[in-house]
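Q: For reference, the chains in residue letters:
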Amino acid sequence: MSKDILIIGGGISGITTAVEAAETGYNVILVEKNPYLGGRVTQMNRYFPKLCPPYCGLEINLRRIKTNNKIKYFTLTEVEKISGQEGDYEVTLRIQPRFVSHKCTACGECARVCPAERQDAFNFNLCSTKAIYLPHQLSFPYRYVIDEKACLKCGTCVDACKYGAIDLEMQAETKNISVGSIVVATGWQPYDATRIDNLGFGKYKNVITNMMMERLASPNGPTQGKILRPSDQKEPKKVAFVQCAGSRDENHLPYCSAVCCLASLKQITYLREAIPDSQAFMFYIDLRTPGKYEDFLTKVSSDEKVSLIKGKVASVAEDTNTKELIVEAEDILAGKKIKVSVDMVVLACGMQPTNGLSININRDKNGFITSEQGNGIYAAGVAKKPQDVASSVQNATGIALKAIQSLVK
Amino acid sequence: MDKKLGVYICTGCGIGESLDIEKLSKVATLGYKVPVCKTHPYLCGEEGQGIINNDCQAEGVNTIVIAACSPRVNQDIFAFDTNKIMERVNLREQVIWSQPVPEVIPPNEVSPPNEDTQMMAEDYLRMGIVKAQKTELLVPYKPESEISRTILVVGGGVSGMTAAIEAGKAGRQVVLVEKKQTLGGFSTNLYKQFPKQSPYQSLQLPPHETLVKEIEANPNIKVYTSAKIKKIAGGPGLFDVTLEQEGKPIEFRVGAIVLAAGFVPYDATKLAHLGFGSSPNVITNVQMEELAKKGKIVRPSDGKEATNVAFIQCAGSRDHNHLPYCSTFCCSTSLKQAIYVREQNQDATAYIFYKDMRTMGEYEDFYICAQEDEGIFLTKGEVVGVETIAGNNLAITVENTLLGENIRVEADLVVLATGIVPATAIESITEEEPQSTTEECKVEEATAPKEVIIRSDILNLDYRQGPELPQLRYGFPDSHFICFPYETRRTGIYAAGCVRHPMDMSASMDDAVGTALKAIQCIELTGQGKAVHPRAGDESYPEFFMQRCTQCKRCTDECPFGAINEDEKFNPLPSLTRCRRCGTCLGACPERIISFKNYSIDIVSSMMKAIEVPEEDEEKPRILAFMCENDAIPALDMAGVNRLQITPYLRVIPVRCLGSMNLVWISDALSKGIDGILLIGCKHGDDYQCHFVKGSELANYRLSKVKETLDRLRLESERVKIIQLSINEYDLLPGIFKEFMETMERVGPNPFKGF
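Order-wise, the sequence lines are chains A and B. Just so we're aligned: 274 in the numbering used here is position 274 of the first sequence, and the numbers increase by one with no gaps anywhere. Just so we're aligned: 591 in the numbering used here is position 591 of the second sequence, and the numbers increase by one with no gaps anywhere.
Everything labelled a hint here was simulated from the structure, so no lab data went into it. Certain hints may be false.
Residues from chain A that keep clear of chain B, each with C-beta distances beyond 12 Å, as calculated [as the list claims (entries may be wrong)]: (1) K50; (2) I82; (3) N125; (4) K149; (5) A172; (6) I177; (7) Q189; (8) S218; (9) S231; (10) Y255; (11) E304; (12) E324; (13) I359; (14) S392.
Listed below are the simulated DSBU-like cross-link pairs for lysine-lysine, each with C-alpha atoms no more than 30 Å apart in a straight line [said to hold, decoys possible]: (15) B:K683 to A:K292; (16) A:K70 to B:K142; (17) A:K103 to B:K38; (18) B:K142 to A:K292; (19) B:K248 to B:K213; (20) B:K142 to A:K66; (21) B:K620 to A:K226; (22) B:K228 to A:K292; (23) A:K237 to A:K323; (24) B:K620 to B:K707; (25) A:K237 to A:K203.
Glycine residues also receive a C-beta, built at the ideal position from the N, C-alpha and C atoms.
My request is simple: use the sequences and hints to build the entire structure.
A: The structure is reproduced here in structure tokens:
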């Protein structure tokens, strides 16, 4: 019998389960496939409805991890194999090489000299980094990493590193662990906007997704927090927010992602704050701001530069000269078709549960992990259902108890 | 403890190039007579760690000062046994990374260190050494009496029962208290509940019967029904509960509390504009459940089967005259009840008039099911009138519909989808607030921001600040609700289900599991003498030097967690297991009698005294910033990481929370000749970011009083300024400091310099 808990996924849900279980007195092993912990929330500029930065809570959570010896974490790590049963699982982890060891002090000399570049996926390829890079400014662990695909293996960084932290020959390794229960907190991927033909993503540079908007608005993003449209780096004065882009749609995601209305309202506040003479148009099917979040809708909609229009967007077209975008939609309440020309379009793309976990686990038709597995394996956060950060944290806290129950049975 | 200090200066990451390390070492060896002072080019490497560990063993070093990178990194490397004191001096992010890089003079010579950068580093080293000298070893708090590991759950509805069952399954003892005769709560009113799992199509039985059976079968759970709480005294681990059951008092001790008091439906008599009260055939969604449960949905007026049923959504919700918020489950509830109507009679019609259909997440499937039923007619619209017409029928007029025109629908039954009011919002004790008796209180001009506590007669806490949980808005208990949703303002008391915010039944059950975990965790940490969130694991705690207390009550008033009561002689009576270690009491106390072993008025004042303030003619002003270590300090680190240049005249002292900022520090700093003081803390207000809820707000309030003092001293009030900063606003810091330096230039040097 093992008394340890394995948590797969080091996003806000996985981190929450880990610290809550550890602070209750249990040993946890947290694995994350990215080179850093924090998951999706590290890419967010602010949370709704308080408009506070995710790093604020993350800072506390990371401190809880750093100072608690009951938590072991592995980045660049995925689960390769699981066998056994509740209370007694054998798990094989596969750890990809970071090429930078614990000796790294994050002094940054390596990146300064590195001749190779890579597209920065953290910023949705809106900018690039060197092949050796710090994943992001608050990255934890605070260590550089090499993108194997971009690295020229020239060794310039190895020579520059005073601390002997870089090893270009580092190999992937496997590690076997025994655990009593497993929490799957693998989170979500943004729905692939290129699949939504009529909304122009991928065709027109100034059609971006809601996650890209988060990066544009973030002080540590590709534009240092300035909202600039990609085609010419000018401030957009008129921006359309297209809700349910690929959601509540049988051809795409049939469900509602539960966060996009609030996320777009939040992003409208980014725009209105950064560019005071800007105008926002939000096209929606239903405004879903449940519970106390209603106050946030009231607050944002009271801004006269914000138009909330009930109607699904039929198409987005581009004026090739001006790069302006023409959004065609039905204004249902006015009972007519309307066309609005804007400088930028933000698609409110939904959340798709991350797949590709090499273990057997019951999922529903949309890929969300069902609650009752009955074998000491539990799902937390968006792996279980589409939900916002507050609900994910709430859920992940409870899942810590479920995972503990499997150990004390 | 006889301290033997060791100072270890790392010269890596550019520190050695930017600073005169020999001169820096002399600060320790000559200035403070530190017996061991070593430098290393790579202190966090194995060799560097080895040197420190060896000195501890061979030389008896037990107080370690690490002058290297930010204390926010390499915690695991610079970690020592609890019998050692360790202090970190941030030479990297806070000094050399935010100051000019020394030029390289060809061929290979580096320019001498910048004088200002060197002074900055030396001051920080002095401050670190002094802090290490003044810090004492921590001894975890152990209460005098035995702590209880039992969990009290207040409320026997679905949330409360779930919390009890889940804690029981983890092997914990639980006491469940319900004011009604039976368990089950609101769930017992329901005929069915809407689907809870994929494919979200068929209605399910409400969960209470299964839960009641589980409770009965669990020997770990003791149930008291028809019982109410008369009083809860004490704190986590030591809550002494007095119940009253059938007139008899029952007393016991518990370790932590889950508050699952539930909700009441919004009072429909306030909805006359929707016809409630004027026709018996206008009912609420709760009455609809009763009808369905009885077996047949009939019109109350004549008992005739209802075949044309209209549902009015947001009846008294999302409405500033009623409940401004949305109750989250009424949309799904009406869809469910429309299905009742359709299941009862294939020819019946249900109309649902909504503002927005809020079937979040995968409940969308349930909405689609209803849409596909041709007997369910759904439209967005605003109901402007419900009137009784011939035959006790009702006519509903709806504006702004999707059909582009106003419509009028006749129905034989109208169901109002009313929302919820948390039990904590209902004031049931209306007795006068006890008046403050002491005269001193009345003289005071400004008062500290007060919390709103509604006397809902649920917990009846014997806390000086009030008997229930402080609320934020609409009667829901305040919590740090995005990142740390379980943290209420009363340590060890966790709210579950609809008292926290409106949620449906499965969300309430999920929520309840989390509170059970938090309750168990709180007891575990309390048992080890450690703090709970956000300083989980902290073994320091405030100690009161009571002989000098003047009973001013500031600490008891200002503690954001209500941790301090009063004894019969009006002295503060701290309940240390309630304490979250923010230091707000330390900041509040004008007599400076409250201290932590590693954080006190004296420690911080001594650190300030260690700063060398140049004479006026040197034209090197000094500004001091007290910065919140949770948000502002990480932002300052980030500014360094980004090599943002910051004025070299700044010195920073991290504080646990801006609420722990004591005004005496300001007068100490000014009398020492510091030119200006910045207080940088978290944003306050309704969307507060302070991890201790109102620390930064309290600092702001205290500052309102210091300005008058400054004016009287003929010191310009601009010399002290408070700034609200978010953790990600690091890019603003250079500008904030620059602007403040400009102000200092304008007001001129502090006249107390050199005194």
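Q: Each hint: holds or not?
A: Taking the hints in turn, this is what the structure says about them:
1. Separation of A:K50 from chain B is inadequate, the least Cβ-Cβ distance of about 4 Å not exceeding the 12 Å criterion.
2. With a least beta-carbon separation of about 23 Å from chain B, A:I82 lies farther than 12 Å from that chain, consistent with its non-interface assignment.
3. Non-interface status of A:N125 relative to chain B is upheld: no Cβ of that chain comes within 12 Å, the nearest being about 22 Å off.
4. Every beta carbon of chain B lies more than 12 Å from that of A:K149, the smallest distance being close to 26 Å; the non-interface claim holds.
5. The Cβ of A:A172 lies farther than 12 Å from every Cβ of chain B, with a closest approach of about 24 Å, so its non-interface assignment holds.
6. Against chain B, the non-interface label of A:I177 holds: every CB pair exceeds 12 Å, the least being about 19 Å.
7. Consistency note on A:Q189: stated as away from chain B, and its beta-carbon is indeed over 12 Å from all of that chain's, at 16 Å minimum.
8. Once the 12 Å rule is applied to beta carbons, A:S218 is inconsistent with being away from chain B; the minimum gap is 7 Å.
9. At the 12 Å boundary, the C-beta of A:S231 stays outside the reach of chain B, the nearest C-beta of that chain being 25 Å off.
10. A Cβ of chain B approaches the Cβ of A:Y255 within 12 Å, the least distance being about 5 Å, so the stated non-interface status is violated.
11. Interface exclusion of A:E304 from chain B stands, the closest Cβ pair being 18 Å apart, more than 12 Å.
12. Residue placement check: A:E324 keeps its beta carbon more than 12 Å from all beta carbons of chain B (closest about 30 Å).
13. Every CB of chain B is more than 12 Å from the CB of A:I359 (nearest about 20 Å), matching its label as outside the interface.
14. Annotated as non-interface, A:S392 brings its C-beta within 12 Å of a C-beta of chain B; the closest such distance is 10 Å.
15. A hinted pair counts as satisfied when its Cα atoms are at most 30 Å apart, and B:K683 with A:K292 qualifies at roughly 20 Å.
16. This hinted pair checks out: A:K70 and B:K142 have alpha carbons roughly 23 Å apart, not beyond 30 Å.
17. Distance restraint check for A:K103 and B:K38: the Cα-Cα separation of roughly 20 Å lies within the 30 Å cut-off, and the hinted pair is therefore satisfied.
18. At roughly 40 Å between alpha-carbon atoms, B:K142 and A:K292 are farther apart than 30 Å, so this suggested pair is violated.
19. A hinted pair counts as satisfied when its Cα atoms are at most 30 Å apart, and B:K248 with B:K213 qualifies at roughly 27 Å.
20. A threshold of 30 Å between alpha carbons decides the hint, and for B:K142 with A:K66 the separation of about 26 Å falls inside it, so the pair holds.
21. Taking the CA atoms of B:K620 and A:K226, the gap is about 35 Å. The hint is violated against a cut of 30 Å.
22. About 29 Å separates the Cα atoms of B:K228 and A:K292, which keeps this hinted pair within 30 Å; it holds.
23. Note on A:K237 and A:K323: the hinted pairing holds, with a Cα-Cα distance of about 13 Å set against a maximum of 30 Å.
24. Annotation: proposed proximity of B:K620 to B:K707 holds, straight-line Cα distance about 25 Å (limit 30 Å).
25. Distance restraint check for A:K237 and A:K203: the Cα-Cα separation of roughly 21 Å lies within the 30 Å cut-off, and the hinted pair is therefore satisfied.
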